[in-house]
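**Student:** Chains S and U, in that order, are what the protein sequence lines are. Quick note: our numbering has the first sequence finishing at residue 115, numbered continuously throughout. Quick note: our numbering has the second sequence finishing at residue 113, numbered continuously throughout.
Fair warning: there could be bad hints in the mix.
To be verified - Selected chain S positions facing chain U (Cβ under 10 angstroms, derived; list incomplete):
id, residue
1, ARG9
2, LEU88
3, LEU90
4, GLY107
Everything labelled a hint here was simulated from the structure, so no lab data went into it. From the three backbone atoms N, C-alpha and C, an ideal C-beta is built for every residue, glycine too.
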Amino acid sequence: KAGVTQTPRYLIKTRGQQVTLSCSPISGHRSVSWYQQTPGQGLQFLFEYFSETQRNKGNFPGRFSGRQFSNSRSEMNVSTLELGDSALYLCASSLGSDRANYGYTFGSGTRLTVV
Amino acid sequence: AQSVAQPEDQVNVAEGNPLTVKCTYSVSGNPYLFWYVQYPNRGLQFLLKYITGDNLVKGSYGFEAEFNKSQTSFHLKKPSALVSDSALYFCAVRVISFNKFYFGSGTKLNVKP
Numbered sequence: 001k002a003g004v005t006q007t008p009r010y011l012i013k014t015r016g017q018q019v020t021l022s023c024s025p026i027s028g029h030r031s032v033s034w035y036q037q038t039p040g041q042g043l044q045f046l047f048e049y050f051s052e053t054q055r056n057k058g059n060f061p062g063r064f065s066g067r068q069f070s071n072s073r074s075e076m077n078v079s080t081l082e083l084g085d086s087a088l089y090l091c092a093s094s095l096g097s098d099r100a101n102y103g104y105t106f107g108s109g110t111r112l113t114v115v
Numbered sequence: 001a002q003s004v005a006q007p008e009d010q011v012n013v014a015e016g017n018p019l020t021v022k023c024t025y026s027v028s029g030n031p032y033l034f035w036y037v038q039y040p041n042r043g044l045q046f047l048l049k050y051i052t053g054d055n056l057v058k059g060s061y062g063f064e065a066e067f068n069k070s071q072t073s074f075h076l077k078k079p080s081a082l083v084s085d086s087a088l089y090f091c092a093v094r095v096i097s098f099n100k101f102y103f104g105s106g107t108k109l110n111v112k113p
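Kindly produce the complete structure, drawing on both the sequences and the hints.
**Tutor:** The structure is reproduced here in structure tokens:
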């Protein structure tokens, strides 16, 4: 079966612009989580969506937002981009969260560079 | 609070030798522990997990990990390293109620021929 698909793979934006990243989960998965990976901060949780509802949010400013559609696809938006937003953004999908052994599959990520 | 520590930024090992990548954790409640591997410009690939049961967990590509509750550790091991094992390894603890992972800082494994 198809894995988690993130588009685009690479993106270059200018400071002050906004960007939207997309994540298509594995078919049947209803939970999508987003992570930011940077050399300095490592992997940090952004937020998690389940059945179109945001259930959890990490410690990021309001410039970072997301949503999930009825087909479970998720988008992440970053407004007023800063140089420090340059990172690899990873999404992961899962059937849900109430079972410890639910798989959690990551996409290949979107590499965002802010110049 | 949940946290994961990987005390080594880098581990160097010769091909054919055993390898260990260390991980310690701090969780309230039952720990659900995972290891992931990341190759350059790629996402995270699942290696293995501990949910319950046997303390020795076997995973993909010949890796295994030992859950030690008294030492709150979950070290990743492989009996014989391959050059192709060179990558970035992350230990993580999963908080079930929030479907959220806390990741360690990562350990870069270098396997030399």
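**Student:** Decide, hint by hint, whether the structure agrees.
**Tutor:** Now the hints, each set against the structure:
1. Restraint check, ARG9/S versus chain U: the minimum CB separation of about 9 angstroms is within 10 angstroms; hint holds.
2. At about 8 angstroms, the closest approach between the beta carbon of LEU88/S and any beta carbon in chain U falls short of 10 angstroms, and the interface hint on this residue holds.
3. For LEU90/S, the suggested interface contact is upheld, since its CB lies about 6 angstroms from the closest CB of chain U, less than 10 angstroms.
4. Among the interface hints, the one on GLY107/S holds; its C-beta lies about 5 angstroms from the nearest C-beta in chain U, closer than the 10 angstroms criterion.
When held up to the earlier numbered hints, the structure conflicts with none and fits them all.
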